[in-house]
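*Asks:* Sequence:
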Amino acid sequence: MLRAVRNGFWKGHGLGNDYLVVDPRELDFRLSKHAVRALCDRHQGVGADGVLALVPTRRADFGVRIYNPDGSEAEKSGNGLRIFGRYLHATGRTRRTSFTVATRGGVVALELQLDRRGQASRR
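The numbering used here applies: residue -19 is where the sequence shown begins, and numbers increase by one.
Bear in mind the hints are in silico, worked out from the structure with no lab data behind them.
Built from N, CA and C at the ideal position, the CB exists for glycine as well.
Just so you know, nobody snuck in bad clues.
FRET-style restraints, in silico, Cβ to Cβ:
#1 R75 - S52: 29 to 37 Å
#2 Q99 - S52: 26 to 34 Å
#3 S78 - H23: 36 to 44 Å
#4 Q99 - G27: 21 to 29 Å
#5 T71 - R10: 20 to 28 Å
#6 T71 - G27: 20 to 28 Å
#7 G98 - G(-12): 21 to 29 Å
From just these sequences and the hints, can you work out the full model?
*Replies:* And the structure:
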């Protein structure tokens, strides 16, 4: 499932993890460690296992920064990348089903599976 939870915020679930997905250019605040911790807080924030931020890159088709709930940055997340791929497709940033994403841990090739409605599936 991927849905908009607020203007500029998307939330997705993948195999037991939930992530917020944002384009920092659309936010009215800076995506700092403190902001990530506040967003991920399940009692006073939106609640999530982390934040995925779309970032510019020259190494791949798209770039993502993956933040843990404590505000630290992760190198990769399989579930996070599944959610990020669905976000890119659902928001019209790509119509392709094969593309690359640059992470802190390297470039990853993603292959989306579309359902009967043309939406990226949760697999």
